Amino acid sequence: MMDIIMILSNINNYFDFKEIHTLCPFGQNDMFSIVNILSEVLFASEGLKNFLGITDEEIIGKSSYDFTLQVENHEISETHGKLITEIGIVTKIKFRLIHKSGELFWVESTAKSFTQKNSEDTMFFCLMKQIHCF
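Going left to right, the sequence shown walks through residues -10 to 123 as our numbering numbers them.
Be careful, since some hints might not be right.
[Claimed, not checked] Straight-line alpha carbon distances no greater than 30 Å define the calculated DSS-like cross-link-like pairs of lysine-lysine that follow: (1) 101 with 118; (2) 71 with 89; (3) 118 with 38; (4) 51 with 71; (5) 118 with 51; (6) 38 with 71; (7) 81 with 118; (8) 89 with 101; (9) 83 with 101; (10) 51 with 38; (11) 38 with 83; (12) 38 with 81; (13) 71 with 81.
It is worth saying that the hints were derived from the structure and are not from the lab.
All values derive from a computational prediction rather than experimental measurement.
Could you build all of it, start to finish, from the sequences and the hints given here?
As structure tokens, then:
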């Protein structure tokens, strides 16, 4: 998996997240998203949408918590809090994502907060990979 710090070296220059593929040479199956401090999804990669079985209309503008288990949201929320208060830190967390069918999949998410230069908005870049937990 690509180093998230390298990926984010120039991300704050982008307004249109559809251009992110010019910065991040990810494959079609790579899963990443950009969310704001309210955890609303601003961008989701094709790989993430395919993994969840959803479309742009079903994820963009929605809370990222809509795709996680409620029992795990407290831990995820604590991680989001760290990302907000300590801009630039990198966090890792494991949780389950909910597929459109209701099936659950474990993922490990590496996230980094950043402030977009042009708007001063704080956002999180989240890179995910499926893991197998028993």
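Hints, one by one, checked against the model:
This hinted pair checks out: residue 101 and residue 118 have alpha carbons roughly 15 Å apart, not beyond 30 Å. A hinted pair counts as satisfied when its Cα atoms are at most 30 Å apart, and residue 71 with residue 89 qualifies at roughly 29 Å. Distance hint between residue 118 and residue 38 is fulfilled; the C-alpha atoms sit about 13 Å from each other, no more than 30 Å. The straight-line distance between the Cα atoms of residue 51 and residue 71 is roughly 21 Å, inside the 30 Å bound, and the hint therefore holds.
With a C-alpha separation of about 21 Å, the suggested pairing of residue 118 with residue 51 holds against the 30 Å cut-off. A hinted pair counts as satisfied when its Cα atoms are at most 30 Å apart, and residue 38 with residue 71 qualifies at roughly 26 Å. Taking the CA atoms of residue 81 and residue 118, the gap is about 11 Å. The hint holds against a cut of 30 Å. Between the alpha carbons of residue 89 and residue 101 the distance comes to roughly 26 Å, so the proposed pair stays at or under 30 Å and holds.
At roughly 15 Å between alpha-carbon atoms, residue 83 and residue 101 fall within 30 Å of each other, so this suggested pair holds. Restraint check for residue 51 and residue 38: the C-alpha separation of about 13 Å stays at or below 30 Å, so the hint holds. For the hint linking residue 38 to residue 83, the alpha-carbon distance of about 19 Å falls within 30 Å, and the restraint holds. Straight-line distance between C-alpha atoms of residue 38 and residue 81 comes to about 21 Å, which keeps the hinted pair within the 30 Å bound.
Between residue 71 and residue 81 the CA atoms are separated by roughly 11 Å; this keeps the pair inside 30 Å, and the hint holds.
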